[in-house]
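Chains A and B, in that order, give the protein sequences.
578 is the number of the first residue of the first sequence in the working numbering; add one for each residue after it.
578 is the number of the first residue of the second sequence in the working numbering; add one for each residue after it.
I should point out that these hints are in silico values taken from the structure, not numbers from a laboratory.
It cannot be assumed that every hint is accurate.
As the list makes no split between identical chains, a pair holds if one copy fits it or if it spans any two.
Claimed, not checked - DSS-like mimics (lysine-lysine), calculated; alpha carbons at most 30 Å apart, straight line:
hint	residue 1	residue 2
1	K727	K622
2	K579	K622
3	K602	K727
4	K678	K727
5	K757	K622
6	K602	K757
7	K701	K716
8	K739	K757
9	K735	K701
10	K757	K716
11	K701	K727
12	K735	K784
13	K716	K784
Number of protein chains: 2
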Amino acid sequence: MKQQTRSIITISREFGSGGREIGHKLSEELGIPFYDKELLEIASKESGICQELFVKHDESYTNSFLMNLVMGNYPISQDGRINPEMPLNHKIFLAQFDTIKSLAEKGPCVIVGRCADYVLRGNKDVLNFFITGSAYDKKQRIAARYDIEKNKIDDFIKKTDKRRANYYNYYSDMRWGDAKNYDLCINSSKTGIDGAVELIKYYISIKEGNEN
Amino acid sequence: MKQQTRSIITISREFGSGGREIGHKLSEELGIPFYDKELLEIASKESGICQELFVKHDESYTNSFLMNLVMGNYPISQDGRINPEMPLNHKIFLAQFDTIKSLAEKGPCVIVGRCADYVLRGNKDVLNFFITGSAYDKKQRIAARYDIEKNKIDDFIKKTDKRRANYYNYYSDMRWGDAKNYDLCINSSKTGIDGAVELIKYYISIKEGNEN
Numbered sequence: 578m579k580q581q582t583r584s585i586i587t588i589s590r591e592f593g594s595g596g597r598e599i600g601h602k603l604s605e606e607l608g609i610p611f612y613d614k615e616l617l618e619i620a621s622k623e624s625g626i627c628q629e630l631f632v633k634h635d636e637s638y639t640n641s642f643l644m645n646l647v648m649g650n651y652p653i654s655q656d657g658r659i660n661p662e663m664p665l666n667h668k669i670f671l672a673q674f675d676t677i678k679s680l681a682e683k684g685p686c687v688i689v690g691r692c693a694d695y696v697l698r699g700n701k702d703v704l705n706f707f708i709t710g711s712a713y714d715k716k717q718r719i720a721a722r723y724d725i726e727k728n729k730i731d732d733f734i735k736k737t738d739k740r741r742a743n744y745y746n747y748y749s750d751m752r753w754g755d756a757k758n759y760d761l762c763i764n765s766s767k768t769g770i771d772g773a774v775e776l777i778k779y780y781i782s783i784k785e786g787n788e789n
Numbered sequence: 578m579k580q581q582t583r584s585i586i587t588i589s590r591e592f593g594s595g596g597r598e599i600g601h602k603l604s605e606e607l608g609i610p611f612y613d614k615e616l617l618e619i620a621s622k623e624s625g626i627c628q629e630l631f632v633k634h635d636e637s638y639t640n641s642f643l644m645n646l647v648m649g650n651y652p653i654s655q656d657g658r659i660n661p662e663m664p665l666n667h668k669i670f671l672a673q674f675d676t677i678k679s680l681a682e683k684g685p686c687v688i689v690g691r692c693a694d695y696v697l698r699g700n701k702d703v704l705n706f707f708i709t710g711s712a713y714d715k716k717q718r719i720a721a722r723y724d725i726e727k728n729k730i731d732d733f734i735k736k737t738d739k740r741r742a743n744y745y746n747y748y749s750d751m752r753w754g755d756a757k758n759y760d761l762c763i764n765s766s767k768t769g770i771d772g773a774v775e776l777i778k779y780y781i782s783i784k785e786g787n788e789n
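Next comes chain A alone, as it looks inside the complex (with noise of 0.2 Å):
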């Protein structure tokens, strides 16, 4: 019998291990809806921002001494929505987190990225997942991804999970990668994905056994 789930999935991810694949296998295998990078589109409906600017802004934050400067003059209004004049990576995140939010409503999905186990903290439904892997396996990952000369791989990765890192300490109050902000983290070069996925489905069973 397929396996039932109540619970909201959010997968953080070390670029190139695979995060992305598992968290796809995991909405296939529990019949659940799958976001990572369709959040941007439906984020980009539901405010009115060009998706353009979505993409552009994905998971990066811009931290600049004039844009902490403008940050000042520019908080968010007191009853939470976006205010106008704030700078347009800030218009950005909360447009998303927004998004994330009116998703995690509708019922159990897995969500990719994006701060999402911060914006649905104090959720009892959220199950928070990290997935780390090998420098090798992350690097064959990636070359096989991306159109890019092989010397230039290592920097491309160290870039990348700089970025989602800033992004997240930024926008959170917590450390990206820091085991005791998830439920469960997993290196996929030990498993495999199928053994990721695996493990996560039955870290759910428990974990939803427990609560029955």
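Given chain A, put chain B in place with the hints provided.
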């Protein structure tokens, strides 16, 4: 049928997360030896250094300016033997290092803390787990185990974790509690002690199955 394993299991843990209990149950269910503070006694016997000193310096590192100066003057000798003029806490680390290596050579076991994951890095039979827990649960567990005033528990937990982190970060080239260092990081407040044990056993079966 009792699950069999060929793995050496290391458990790193936040103070009060139940890591010791998880490791102990795991060793019982897998029928393999368990080493936590037991390591200190063995290392004392093997090195000839008095056991009280192992207890005193257990998982702690004195990072004083003077100590660093001294460090420069007393490197480990090239044959890897313990230099008799080396500062005591380094002697103790290296004696534990030797003990952990020799225990791992004897076969499957569970080792709690003491940088065992780092000491045994590169050994393909080693599986590394990190256990976290909620602040509330950790506090409850410490209150039940130690005779300590309630208003001092938070500080006790914070200092113990800081000591363990400093020890780990100093002797390894990694960061304690960073998801990428471990096979699997588990939040025991989500799974319960038994759930964590089940999850680790399931992980072992996936991992060892992949290798067959």
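Can you list which hints this structure breaks, lowest number first? 1, 2, 4, 5
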